[in-house]
Amino acid sequence: MIDKKMFLSDKIFKKDIELKLMRDGFGYGLLEAGEKDERIIALTADLKESTRVNYFAEKFPDRFIEVGVAEQNLVTIASGMANYGKIPFCTSYAIFSPGRNWEQIRTTIGIDGYPVKIIGAQSGLNIGHYGVTHQALEDIALMRVIPNMNVIAPSDYFESLKATLSMAVDDKPYYMRLPRIESPVYTTDKTPFMFGKANVLTESKKPESLIIATGLMVYEALLAYKELEKNGIETIVINVHTIKPLDEETIIRYAKLTGAVVTIEEHQVIGGLGSAVSETLSKNFPVPIEILGVQDRFGQSGKPKELFKEYGLTKEDIAKAVKKVIARKNS
Amino acid sequence: MKYTIDELNDIAKEVRQDIIKMILKAGYGHPAGSLGMVDVFVAMYYLVLNHDPSNPNWIDRDRLILSNGHICPARYAVMAHSGYFEHKELMQLGEFERILQGHPDKRYLSSVETTSGPLGSGLAQASGIAFCARADKKRFRTFVITSDGEHDEGNHWEAVMFAGKNNLSNLTMIVDRNNIQIDDFTENVMPLEPLAEKYKAFGWSVLEVDGHNIEEILNACKKARAIYENPTVIIAHTIAGRGVDFMENNPNWHAKAPNDLDAQRAIKEIRTMQGKIKEYGE
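Chains as they are written, first to last, in my numbering: chain U, 24 to 354; chain S, 2 to 283.
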């Protein structure tokens, strides 16, 4: 059952669960952070409204910087501003930032550990009709590999808001990826959010498998959990909102409890959440793992639902993987 | 302490010898660009910058960003002469855990201001600093040194537009216009001319100097301080490898360390100003 200490929404499995944009969570979070700390400034590369940095820009025009369609400039100017003593938030689409400006992020932000926050909106397949060129499916891998960089993929509106407030008061570099589409608000303002601490969303006396999810896939994992429960298969669902640093302790503890793991992410299976979990478990407590995500392929245009189905990111895919991993465990 | 131009030229000569010795010892480095920018660095550290070597993190110091980090031997040697660290550190260039990393690394030496090497990013970083400094009504200036070769980078021109758009008059860039880059002369690799006109078109003030004339460099920097309308670029015409006849204007010496014989010849040439003066004891 759902862990009550997580204070999840009463409507978690109802049809009328509220849908909201994680980008709005970021936008309002930044606005609130900006009110608290004058050092916070925001930059965009010609994507003010769609990244929702416009809320901040309207309130604090003097602390908002438009750099034009120039993502390398976006992060290197921010590097200079952080060098000076500011806390810059850089907003663009994930495919362009960190997609296009990786070396600049590594050299001018990563090495010295400047408190620059890179917000990659419209990440993942869910950007839909834009097609392959705009579907960032590699951004977690790109950012995870840079020392000093912290990586967050929130799973709903409230988490995105809390993550923004949390990174605003930390003097380290961050990457946060955000999807384009509205998603179910399954948490509440009371749901705990601690950077680097995974949220164990469900509890069970005899769980047969662990499901580790991030971003939009967390809700999909909860739907799979519900479906499996109906069929008498108990699982534990963990929301890994912080992909780096990974909450190794929680993951190892529940891997020991369940002996089987399924990971799911809206990202390439190479270098993302599944890789991070595998790296940890292979060193500490090897168990059978099924890694769901985009299987080393490029995307295409389509509705998010169609794409999730084609690329194996649905609750049905998760349920199937859970059964498979349990069978592997028991074989 | 006040120095005469003659005294500064003597310091520049010592710095050039240091550079040859440093790169010889390290077995790695970029001698041509480093030698070419010695006079600019001497002018900056001895005459232009408002700074305090005994308090390198002084909050109101002028900032000097080196975008083309590969010519750091020149900066390091001038910093040693002006008292930032002990002169003997120069002979540890690029060695394990030493402050003088092969490319400038702020983690090991904060007074280099930025970690740099990959080209095209320094102007943007300097623009970010200048933008904030102006917003906070700070009086310090931000200087940035860039190479001509790095003008091939898109990131650089993105920042040229940004500084021009925002009229960053507290920002001065010095371009090392030595006309060479790794593969060949700049005009063969990717033509940059008319460079001054390009900057004017992007909303910058443009000054041009002889990059080996310390007085001219000083005067241009003074003039740049007085320009309130927009950022200033000082195109410093330099001779890559300046002071060593066989290195001058030769792209082959962009990124090649001298061997012992080369180094001996080079140091002798620098000492005698290419045979124009007699060496001591000769």
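Rather than coming from a laboratory, the hints here were simulated on the basis of the structure.
Predicted model only: the values in this text are computed from it and were never measured.
Mixed in with the good hints, there may be bad ones.
Pairwise CB distance ranges, derived in the manner of DEER restraints [unchecked claim]:
{"id": "1", "chain 1": "S", "residue 1": "N251", "chain 2": "U", "residue 2": "I293", "range": "44 to 54 Å"}
{"id": "2", "chain 1": "U", "residue 1": "Y153", "chain 2": "S", "residue 2": "N251", "range": "33 to 43 Å"}
{"id": "3", "chain 1": "U", "residue 1": "K343", "chain 2": "S", "residue 2": "A136", "range": "21 to 31 Å"}
{"id": "4", "chain 1": "S", "residue 1": "F97", "chain 2": "U", "residue 2": "P84", "range": "43 to 53 Å"}
{"id": "5", "chain 1": "S", "residue 1": "N251", "chain 2": "U", "residue 2": "H152", "range": "33 to 43 Å"}
{"id": "6", "chain 1": "S", "residue 1": "P192", "chain 2": "U", "residue 2": "V155", "range": "29 to 39 Å"}
{"id": "7", "chain 1": "S", "residue 1": "I183", "chain 2": "U", "residue 2": "F30", "range": "52 to 62 Å"}
{"id": "8", "chain 1": "S", "residue 1": "F86", "chain 2": "U", "residue 2": "S324", "range": "50 to 60 Å"}
{"id": "9", "chain 1": "U", "residue 1": "K332", "chain 2": "S", "residue 2": "E194", "range": "53 to 63 Å"}
{"id": "10", "chain 1": "U", "residue 1": "G219", "chain 2": "S", "residue 2": "R99", "range": "28 to 38 Å"}
{"id": "11", "chain 1": "S", "residue 1": "K199", "chain 2": "U", "residue 2": "K326", "range": "40 to 50 Å"}
No more than 27 Å apart at the CA atoms, straight line, and that leaves these computed lysine-lysine pairs for BS3-like [claimed, not checked]:
{"id": "12", "chain 1": "S", "residue 1": "K107", "chain 2": "U", "residue 2": "K71"}
{"id": "13", "chain 1": "S", "residue 1": "K22", "chain 2": "U", "residue 2": "K195"}
{"id": "14", "chain 1": "U", "residue 1": "K306", "chain 2": "U", "residue 2": "K37"}
{"id": "15", "chain 1": "S", "residue 1": "K201", "chain 2": "U", "residue 2": "K59"}
{"id": "16", "chain 1": "U", "residue 1": "K37", "chain 2": "U", "residue 2": "K253"}
{"id": "17", "chain 1": "U", "residue 1": "K59", "chain 2": "S", "residue 2": "K89"}
{"id": "18", "chain 1": "U", "residue 1": "K267", "chain 2": "S", "residue 2": "K107"}
{"id": "19", "chain 1": "U", "residue 1": "K82", "chain 2": "S", "residue 2": "K139"}
{"id": "20", "chain 1": "U", "residue 1": "K306", "chain 2": "U", "residue 2": "K347"}
{"id": "21", "chain 1": "S", "residue 1": "K107", "chain 2": "U", "residue 2": "K195"}
Where is the CB? At the ideal position from N, CA and C, for every residue including glycine.
In rising order, the numbers of the hints this structure does not comply with: 2, 3, 5, 12, 13, 14, 15 and 17
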